[in-house]
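Keeping their order, the protein sequence lines are chains L and D. Just remember that the working numbering sits 44 ahead of the position in the first sequence, which is counted from 1. Just remember that the working numbering sits 6 ahead of the position in the second sequence, which is counted from 1.
What the hints contain is simulated information worked out from the structure, not anything from laboratory work. The reader is advised that the hints may include incorrect statements.
Derived coverage of chain L by chain D (criterion: at least 3 residues anywhere in the stretch with Cβ under 8 Å from a Cβ of chain D; other residues may be distant) [to be verified]: (1) 93 to 105; (2) 125 to 134.
Pairs of lysine-lysine residues, derived as BS3-like cross-links and limited to a Cα-Cα distance of at most 25 Å, are as follows [unchecked claim]: (3) L:181 <-> L:161; (4) L:180 <-> L:208; (5) L:54 <-> L:161; (6) D:402 <-> D:574; (7) D:80 <-> D:574; (8) L:161 <-> D:215; (9) D:285 <-> D:320; (10) L:159 <-> D:402; (11) L:153 <-> D:285.
Quick list of the computed label-pair ranges, beta carbon to beta carbon [claimed, not checked]: (12) L:200 <-> D:67: 29 to 39 Å; (13) D:15 <-> L:84: 50 to 60 Å; (14) L:188 <-> D:104: 50 to 60 Å; (15) L:189 <-> D:457: 27 to 37 Å; (16) D:84 <-> L:163: 29 to 39 Å; (17) D:70 <-> L:165: 29 to 39 Å; (18) L:159 <-> D:495: 28 to 38 Å; (19) L:101 <-> D:466: 31 to 41 Å.
The C-beta atom is built at its ideal place from N, Cα and C for all residues, glycine as well.
The chain contents come next:
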Amino acid sequence: MAGGSVSECKEYLFKVLVIGELGVGKTSIIKRYVHQLFSQHYRATIGVDFALKVINWDSKTLVRLQLWDIAGQERFGNMTRVYYKEAVGAFVVFDVTRGSTFEAVSKWKHDLDSKVKLANGSPIPSVLLANKCDQKKDTSNSTSLMDNFCRETGFLGWFETSAKDNINVDEASRFLVENILANDKGLPYEETNGDRIKLHQETVAAESKSGCC
Amino acid sequence: MASEHLPSEFDVVILGTGLVESVVAAACSRVGQRVLHLDRRSYYAGKWASFTLNGLLSWIDEQNTTLASEEQSKDWSALLEEGEDLIGLSTRDVSPVTNLQVFNYTRSPCLLVARSPCLLVARSPCLLVARSPCLLVARSPCLLVARSPCLLVARYQLLRECFCFSEEEVEEEEVEEEVEEEGQDQTPARETEQEEKRRKRLSYAELLKEGRRFNIDLVSKLLYSRGALIDLLIKSNVSRYAEFKNVTRILTCRHGNIEQVPCSRSDVFSSRLLSVVEKRMLMRFLTSCLDQDTPLLYQDFAQRPYLEFLQHHKLSENLQHFLLHSISMATPDTPTATALTATRHFLQCLGRYGNTPFLFPLYGLGEIPQCFCRMCAVFGGIYCLRHSVQAVVVDKSSNRCKAVIDSQGQRISCSHVVLEEGCFTQNATPTRWVSRAVLITDGSVLPSEAEQQVSIVTIPSESPVRLVELCPSSMTCIPGTHLVHLTCQSLGSAFQDLSPVVTRLFQTADSDHHDQRPGVLWCFYFNMSEGLGSEVSELPSNLFVCPGPDGSLGHDHAIAQAELIFQKILPDEDFCPPAPNPEDVLYPGEEPGTGPSHQGEEPQTSPSHQGEEPETSPSPQGEEPQTSPTHQGEEPETSPSHQGEEPETSPSLQGAEPETSPSLQGAEPETSPSHQGKEPETSPSLQGEEPETSPSLQGAEPEKIPVQPENGTQG
Ligand SMILES: Cc1cc2nc3c(=O)[nH]c(=O)nc-3n(C[C@H](O)[C@H](O)[C@H](O)COP(=O)(O)OP(=O)(O)OC[C@H]3O[C@@H](n4cnc5c(N)ncnc54)[C@H](O)[C@@H]3O)c2cc1C
Ligand SMILES: Nc1nc2c(ncn2[C@@H]2O[C@H](COP(=O)(O)OP(=O)(O)OP(=O)(O)O)[C@@H](O)[C@H]2O)c(=O)[nH]1
Ligand SMILES: [Mg+2]
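Bound-form chain L, shown alone (with noise of 0.2 Å):
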């Protein structure tokens, strides 16, 4: 994974899944975080696989994060390995305003690690987001209680977001990426992918891809 090239300036490349249930904000999280937008009205976008995010991490590194949104279609929950293939980590996201997709939060999780794994047989990062935090009513839900429920069930931590008014949105990607650069030493599988091949239709002349991994 680590593409040290002639430069100092390191590159990584992570796709990162954001899964959960149905109308929680998956897709406003991941417009909010790479677009900019918020938009009130439900919209399926069709035909993207993911969104790219490009961060200038720190002087030397640049990280650039594929963020693969569920196709609305497969939320039955029967996403291909396509879908999970080579994912270094993963946002789960629930609706505070529903209590329902928290339940479902668990099975979700135990879903992910069922489905992908890094190198060395542990689960992907995960973070698990709280979103729609402006609807919230109550603010007494007890911090500890989420803090208890990350541990037990295996993600990183958690954040309180709002695709809506852009809180912690940011924060919580810095978070994962964090992780995801912490665990850059047991990314998935062989490194050795020189003679892997991918087909292309494109004419664009060749961008320097140094397609070491």
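Dock chain D with the ligands against the given chain L, drawing on the hints supplied.
Coordinates of chain D with the ligands only, in the frame set by chain L:
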């Protein structure tokens, strides 16, 4: 997660997630059809699936147990309207695999829970828990817990040391000491220490522990680099979901030896198996095969056996063997015309991606249907596994399907129904069978300097056997092992057809002498039906049945069938136009390259991207406003059911390039490879196969650097 109700109206309902069904699903969804894609199984790809080792063991288990249970069909007539009729569907495979046999050869202590009939040859103390009839050949003290009738074979001494706890009868049998003795005692002496170490390394328990890293295909096929499937993957952009490895060697088995077949120009010139004269003859022959007017050459032979044709051309025995078995993959009596067509295809496929004509998908063939499913889902298709269609509702007067009734008794209306084969219980009898074996071995059939080879071996025989050997970097097996697939048209059971080849090429634990041949750690034989013929004579005109995998090496038949079905459903639509590249899709209000967090975003979406309409296109219902992209030269797509757009921009492989058909003559090894990657029939050159010139060519432009691993760093 999966608790919601399905919508009750779709354009196309598809049952089964095999390759053909999945391609149809992607194609329909891509042009705006509302697709519901179901599979009654808990996994994708049906007969085309790949399993982890553990997954395969449970699958084998299932095949052995579910045969008996037949679901009673419910009465759905309440859901019918006036003038409607029901066609009931089978809810499980009519033509499952048969003759499943599993063999474990282990030299380390192991615990084996046998759920299918199995043979265990134990060289170390083992515990066998047998739930099915088993044969245990014990060469060490063993413990057998038998829940089914079992046979335990051991030498006298050992038999006393083996213990059986049985709920069923166990026959114990003594064997004479001689042969066994010899095999046992001389083994260590003959094996080099290193060999011994290598063999010791992997036990069955270790295989199971690492089981999830195996991806074992039920079907063994390869992709011709200019075959219909590769072309479709490229054309549709579904290729973005998959990565491939080149098959690096073509091998053949002759006089009991494995030899490398020289098939590319560089191979021919460097081959040590061929004399100078043979090299010249071979080059001349191959060149003439590529010639446009070959038909004239073989006119007299067209329907006569290819072997006669080769003999007529005075080709040496060496060359006859290579040309017949490995290059045309024919049998001695294949008609010349057929064999030459195959030869041509083979030659045309050389050099596109490497120096053999074949590619293999990382993680196994089961990836490919899933790639098409993902494309379908991305364009709005809805997926449900463990969900089946119980019956199809047919309008009597028009003989057309109107709806399906799913396993939850929900009536879902639709305009077209696509089914995998085997859905109709009545008169479905498999016509032809394929014999298959899957082996996990501890070495390659032809060890070489380069560790990670993917090889195809053709083994002449009454029913020619095709062997594909995969290395760990194909992501189908673990380091220290190879995954071997054997396939042939069935004459008898898979074991009868293939075990002679297995014992010839590999050491099984009961092999008597020890040599350099790789050892088999685990082995599984089964027969799979190939095509069911027509199941029902008068199908409704909007119901289509997809064929399952055939025994051939390539995928052309499957893809042709899928396109045919698509064209019947949507005669005026484009088949799998390119999907936009996600990185090219811009949203309103987004200004590329501005804003600190955006810096460097999408640096490689250069405007010269062609044929990729960024589309944030409407949901299937079409009520969404179009968000218009800001990229120049890219056409927004407004209608979900557009037809034939992006004709001039599409860089798909069809008909795009001017003809460049350099022939082989002028036999100097090095010429410009720049014609590659286009039109199969126009660039039948043997050049450019030298791996170093273009180890990883892409579809269109050889100068491109195509290697872009999923997680690849770029820059
Ligand atoms: C395309 C692909 C990409 C992968 N990428 C990664 C990766 O990036 N990182 C990583 O660590 N691992 C990767 N793997 C390996 C994959 O994560 C493991 O196979 C998966 O985690 C299952 O592990 P397990 O031990 O839970 O399997 P198991 O416990 O053996 O399987 C879990 C369940 O899934 C079923 N199952 C397994 N495989 C199949 C199948 N092919 N079809 C149907 N059912 C099946 C089994 O029957 C079982 O019920 C990849 C595998 C594939 C096929
Ligand atoms: N108030 C509020 N509404 C939000 C927030 N995030 C999303 N929404 C709204 O919730 C609804 C669903 O959001 P989506 O982003 O489409 O949810 P999703 O998880 O992608 O939904 P599916 O793709 O259908 O599974 C939309 O109406 C959003 O406007 C938020 O943070 N606050
Ligand atoms: Mg969404």
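How the hints compare with the structure:
Coverage of a stretch by a chain is defined here by at least three residues with a beta carbon nearer than 8 Å to that chain's beta carbons; for the segment 93 to 105 of chain L and chain D the count is 8, and the condition holds. Remark: the segment 125 to 134 of chain L is confirmed as covered by chain D, as 6 of its residues place a Cβ nearer than 8 Å to a Cβ of that chain, reaching the required three. Annotation: proposed proximity of residue 181 of chain L to residue 161 of chain L is violated, straight-line Cα distance about 37 Å (limit 25 Å). Restraint check for residue 180 of chain L and residue 208 of chain L: the C-alpha separation of about 13 Å stays at or below 25 Å, so the hint holds.
The straight-line distance between the Cα atoms of residue 54 of chain L and residue 161 of chain L is roughly 24 Å, inside the 25 Å bound, and the hint therefore holds. Straight-line distance between C-alpha atoms of residue 402 of chain D and residue 574 of chain D comes to about 21 Å, which keeps the hinted pair within the 25 Å bound. Of the pairs offered as hints, the one joining residue 80 of chain D and residue 574 of chain D is violated, with about 32 Å between alpha carbons and a cut-off of 25 Å exceeded. Distance check on the hinted pair: residue 161 of chain L and residue 215 of chain D sit about 14 Å apart at the alpha-carbon level, within 25 Å; holds.
Straight-line distance between C-alpha atoms of residue 285 of chain D and residue 320 of chain D comes to about 13 Å, which keeps the hinted pair within the 25 Å bound. Proximity of residue 159 of chain L to residue 402 of chain D is assessed by CA-CA distance (about 45 Å); at most 25 Å being required, the pair is judged violated. Under the criterion of a C-alpha separation no larger than 25 Å, the hint pairing residue 153 of chain L with residue 285 of chain D is inconsistent with the structure, at around 60 Å. In this structure the hint that residue 200 of chain L and residue 67 of chain D lie 29 to 39 Å apart at CB holds, the actual value being about 37 Å.
At about 26 Å, the CB distance of residue 15 of chain D to residue 84 of chain L disagrees with the hint of 50 to 60 Å. Between residue 188 of chain L and residue 104 of chain D the C-beta distance comes to about 58 Å, which sits within the given range of 50 to 60 Å. For the pair residue 189 of chain L and residue 457 of chain D, the supplied restraint of 27 to 37 Å is violated, since their beta-carbon distance comes to about 52 Å. For the pair residue 84 of chain D and residue 163 of chain L, the beta carbons lie near 54 Å from each other, so the given range of 29 to 39 Å is not met.
Between residue 70 of chain D and residue 165 of chain L the Cβ separation comes to about 30 Å, which falls inside the hinted range of 29 to 39 Å. Evaluation of the 28 to 38 Å hint for residue 159 of chain L and residue 495 of chain D yields a pass: the beta carbon distance comes to about 36 Å. About 58 Å separates the C-beta atoms of residue 101 of chain L and residue 466 of chain D, a value inconsistent with the hinted range of 31 to 41 Å.
Violation of the numbered hints given earlier is confined to hints 3, 7, 10, 11, 13, 15, 16, 19; the remaining hints are satisfied by the structure.
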